[in-house]
Amino acid sequence: MSRTSHYEPTLCPGPFAHRAPARRALLKMGLAGFASVSLPGILRLQAQNRLHAAETSGGRAKNAVIMVWQPGGLSHIDSYDPKPLSGSEYRGPFDLIDTKVPGLQFTELLPRQAAIADKFTVLRSMRQSAGGHPAGSMQLLSGDPDTRDKPKPRYPDWMTVANYLRSQSGPRETPLPTYVGINPPLEYNGPAYLGDAYSPFTVHGDPNSPSFNVPNIGLTDTREVQRLGRRASLRQNLDTLERAFDKAGELAALDEFETQAMTLLTNPQTKEAFDLSQEDDTTRDRYGRNAWGQQLLLARRLVEAGVDILTTSLSGPLCGRVNNWDDHAVNHHVFDAMRFRAEAYDQAVSALIEDIYARGLDQRVLVVVTGEFGRTPKISYAASTGAGNASAPAGTQQPGRDHWPRAFSNIWAGGGLQTGRFIGATDKRGEDSIERICGPGDFLATIYYHLGIDASKTLIRDFNGRPTPIVDQGRPIPELIG
Amino acid sequence: MSHSDCGAPRSYHFASAFVCGLLAFSGFARGLDSSVTAAEARISFLNDVEPVLTKAGCNVGVCHAKAGNGQNGFQLSLLGFEPLEDYEHLAKESRGRRLSTGVPEQSLLLLKATGTLPHGGGVRLHADSPEYRILRDWIGQGAASDIEQAPSLVNVEIIPPEGTMPPKSEQSLQVIARFSDGSSRDVTRQALFESNDPAMAEVSPQGNVHSLDITGKVSVMVRYQSRITVFNATIPQGASVNSLPEASNFVDEHVFANLKALGVPPSPVCDDATFLRRVTLDIAGRLPTNDETQAFLASTDADKREQWVDTLLRSPEYADFFAGKWAALLKNRRDDTSDMVANFAFHAWIRDSLLANKPYDQFVRELLAATGTVIGNPPVAWYKRVKEPKNQLEDVAQLFLGVRMQCAQCHHHPFERWSQDDYYSLAAFFSQVGRKPSGVRDEDLIFHKRGVAQFVNMKTGQPRKPAALGDEIPEIAPDTDPRLKLADWMSSPTNPFFAKSLVNRYWKHFFQRGLIEPEDDIRDSNPPTNPELLAALEQHFITSGFDLRALIRAITTSHAYQLSSIPTPDNLNDRQNYSRYYPRRMPAEVLLDSIDQLAGTQTDFPNLPAGTRAIALPDNSYNRSSPFLRVFGRPEGESVCECERVQSSSLAQSLHLMNAPDIKAKLGHANGRAQELAKAESSPEEKVRELYRVAFSREPRSEEMTLALEYLNEPRTKADGSALDAQQALRENLQDLIWALVNTKEFLFNH
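Chains G and F, in that order, are what the protein sequence lines are.
Note that this note's numbering has the first sequence beginning at 14, numbered continuously upward.
Note that this note's numbering has the second sequence beginning at 90, numbered continuously upward.
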């Protein structure tokens, strides 16, 4: 309608809108979501919304994010936020090294990142309020302020939110899915009320292993491909349901997904995107010939091929005995563990960052490396519960660090962000963030900003139809986005 | 953990709201008397200024509503329900810098609203608008509050309250407000309008309704201050309805009367095969078997459809299917291995209740007032999952009354008449639920705690006695379990919600769209599409003694339910009047069972006897071991809302059906249907016919038969290029044919 008004349309979509996803209503709300919009409805809206998205997202509608996750939480003191002047019961054994950025020092564990510190920014003043892995992960990834651990997330994580919003803004131009997880951090997170349709296409396993294979994409057995083609064409001939009822486009949506699935299964391009053997040896070596290195290389490869949202978790044997970063003394000798994983970590992360810039992806692709919290600045001692990598035999007293949400660090690269900086600070022992304190809301709003999503204006309806903001409190971190 | 918890810090700050409320009270009444001068056109804060702020959208969620955190620290109550607080924030907070009584035009409020200063919300008012002048003049007059003195709003009337609007026509609405001093005025300009279905009718901010070309009932909610009222429009199709199917019962009378009134001709009644498949899926959650299909199609009994409905309603699969539906809504969830006992007991209780056709009011009463342990009295399990009185009242209201109370915990429900007092009065019914350890780990014994039932309204700090959504409840003695009184109130024949909510929920189960939609959101501002039909269903249900089977029988034996899904040119646009059947994808469990049935296989679930069907699973834990159920959206029992079940399509679903290992294994199973048919002596034609009867409950059409036979006869080769022997080739081809049938829309959808 072209009736003029002194009033702009209100952003809050009101009680009814989710029932009838009228194109106008969707546009009015600036992509304020409809949790219960049917996919067909969404498909119908796409063309229109693509235009809208391009107008409102400042050209960021095709941007991508790689999130590298440190499950269990990185000891900030022993990495990006060392505290050489604190007492020996805090400090840890590592020497400091200068980085390429004047005034910024890391521990000796991160020489390769130190050498390219101008290509990323360290945020040293993260803070959240949940001490457990589940609640901590949910705080960071879905912005749920609840401090209690619970079995399932109450809010969708940013990855599914972004996938959901992207799915409304236009058909894919590549055969690859919007959201891919390579051993992703999904233990405590997920789509909540958005539904599993927005979960990632997930790849498990060690991409460094010669037997690494991604099921359900690019079938290589030509007989299998032929058979699938035969089946599909037989299906097409037999699929005779009278379609006139499909006013809402449900069948059309199904057709579209079937086509996409068929493409994933048979298109050589998808196979190629997942095929690390297409990378030259120098590159593969640069990332490190281990699971983490090749995970991050695969992440870069996929994002380059058109994936928008990519998460990958640095877990498994490279972490030490318990396969994660949860360096309680009972699990790991924290310093042995940090040393044990440092080389693979430093190599993979620095390679990814360098590569993003070298390949001209640094505007489109944001790389963020984080865990759910930091580790206790004060060293604790307890008996190991078992021998293994980075852990002494059971019963041996060893140093550990426990969960620490009050202060932790993460790093940001690419994404057209301002790099070569460090933002915020913790106190002299690294116990509390004291300058430019950033919470999960700021973390999330920054990621959303890069993806062209205005977190302050986007609401998605929960199961009750209640419009729920995708970020509770927080705004894009100004020092990062410039 | 409830998704709906509006107390979640994400959207709400309780403590601060409470404190601000008190401050507002003590601060303003005295301070402004002196500034009040008798003026000719006094602008009222309450009746002029607040409505302008609301209309301009200042107090909605993402802007300055407190419920949305209030951008830049400027917080208003959601939609202006709390004028006292709003006045405080506007006039007093930030050292009064938002208003400049000396130079009104320089008030931050106006500079921001007009976009003179950068404003995140953009330009909300133009300086030449009457609304701007209201704010400016009010500030100029001293920015006084008249909340205590101003006449209060008594009611809001809309003119006209209803009307018939041909497609693409216009209707202007006028809104009249009446006040406590007897005065009334036209507040059309200040009122907010919202269409409940913008695809059917749009409404401008000035109250001009514009109908589009979808037929049916649409409403426009009108809000002025805290009052809402509704304009109901009927958009007729106006086609001539020459022939209607014969009415088989009251359902048909009302559906067809509505279609006739709207001028929407229905599609014809569907054929036997379509009916058989449809009703078997809807009542028993499964496909008819090959034998059942043959017998039904061959039968010449005039009442064979009614007979089949009765057969289904007596079958255990009916109880399985509906128990699964209820178990999810009643949150029969396994969060820990130790929940298993409670999960099994609760599910069995639900299933047995359905199998015995326990009257629905009794079912709800046993659940609501459950005491004891989960072993002795399984519905106690509900109190295990839903622990807090607030969650209990919210779930009970939404599930059994179709009323969403979540919002009213923290603020006046924006589209409803429910206040925080109503909320806490309902919570009071659950205030005397006692629990103590039962001796079984993680299982509480639930008992009635003697005492006076009451619950403190967190906003006012005042305790509330039990009262049920507007109805007073007589004093409840300390030794009476208040939950019994709630159950009495609910199951009374005059209860406006209880029967309505259930019949609407069940109607949706069979017709894919509730008469009220969403099915659990019954409110004045969300009227039913066919009120007469809803009332008749309600009456039928009450009169039958809350007989669920009788209700399903009335629905499924109606001709309205049996209409073809194929539209006619004149009913293609209909989506709420049931002029044709609206197809829907099978639910996850039903689809999995159906694939097993067609493939001649079964799915194994941990700790359950072999052959257990997916529709008979007691709780959500099996979703973990079955990627199929997860991908196709089987609910986790997290929410009391049926919307947790996802029935839309996704890429993962398509990938799964095409290539997932479990599907491949079913097709290639050594005892599967493809193997058996390949070995069988029967003719190729007979094999194809069997597959069609199982998949679609019909015989193949001749062109389908030709295509299928051609395919079955194609030779196949081994990897080395040599020919596969005939039986092996046939087996592969049969697998392909089953794959193709599973992947058709005709299979995936109930139509």
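Simulated from the structure, these hints should not be mistaken for lab results.
Hints are supplied without guarantee of correctness; some may be wrong.
[Stated by the list, open to error] Calculated pairs, DSSO-like style, for lysine-lysine (alpha carbon to alpha carbon, straight line, at most 30 Å):
id, chain 1, residue 1, chain 2, residue 2
1, G, K441, G, K165
2, F, K476, F, K525
3, F, K548, G, K163
4, G, K260, F, K548
5, G, K284, F, K548
6, G, K163, F, K753
7, F, K181, G, K470
8, F, K807, F, K753
9, G, K470, F, K447
10, F, K597, G, K165
11, G, K165, F, K181
12, F, K257, G, K260
13, F, K257, G, K165
14, F, K181, G, K284
Computed from a predicted structure; not experimentally measured.
query: Which hints, by number, does the structure contradict?
result: 1, 4, 5, 6, 9, 11, 13 and 14
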